[in-house]
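Residue numbers (this note's numbering), protein chains in the order written: chain E, 1 to 112; chain S, 1 to 116.
In case anyone wonders, no lab produced these hints; they're calculated from the structure. Don't take every hint at face value.
Stated by the list, open to error - No more than 25 Å apart at the CA atoms, straight line, and that leaves these computed lysine-lysine pairs for DSS-like:
1) S:70 x S:16
2) E:57 x S:3
3) S:70 x S:38
4) S:38 x E:9
5) S:3 x S:38
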Amino acid sequence: DSGVTQTPKHLITATGQRVTLRCSPRSGDLSVYWYQQSLDQGLQFLIQYYNGEERAKGNILERFSAQQFPDLHSELNLSSLELGDSALYFCASKTGVTGELFFGEGSRLTVL
Amino acid sequence: AQKVTQAQTEISVVEKEDVTLDCVYETRDTTYYLFWYKQPPSGELVFLIRRNSFDEQNEISGRYSWNFQKSTSSFNFTITASQVVDSAVYFCALSEASPPDYKLSFGAGTTVTVRA
């Protein structure tokens, strides 16, 4: 158990819909990262937050957004969903500045 | 830009054989961090090891060992006497020490299948 909690574990929805993925980082971790894992793109960095502020952006689509709340949990919002958004979405948190990332179990999104 | 290459897509071995996974990286930074993660069939990503660029000492942990060679930009991983439970996808990752993000860039992964 990494200590990072993600909900829901599985989600099935239709094209055009909007979903929200939730992440609670490990106790004491201020940094939250979101990654997308798809068969064709591999593990892609989406976005990072540190103590409520956005720190870095990767290959995140404009239809996607995220935020980190004062209690440090984070949400990833995916809207106008397309078939290609079907993937495993990971949240990770990190202790300190240069520590390793600890990943949650992921949220598997299926868009039909 | 940082880049991680895992040239081996799949490796299949019989139990008790040794398995070595290759990882080659590119970075312009002089300080960086290398990682190996394991993703078993259940899907979670499990942290295995982290290495700093200024520490080339190789490490052995049980049946796992790592060979970091800065001169060839390689960070290889060996499983000795493999077991069926080692079947997983293994990812090599790199993080440059450039603020503000320290994000990890992952290789494409190597799928290891250990047959009984």
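Here's how the hints hold up against the structure:
1. S:70 x S:16: violated (30 Å)
2. E:57 x S:3: Roughly 17 Å separates the two Cα atoms, so the pair holds.
3. S:70 x S:38: holds (23 Å)
4. S:38 x E:9: Within the cut-off at roughly 19 Å; holds.
5. S:3 x S:38: holds (19 Å)
The structure does not agree with numbered hint 1 stated previously, though it agrees with all others.
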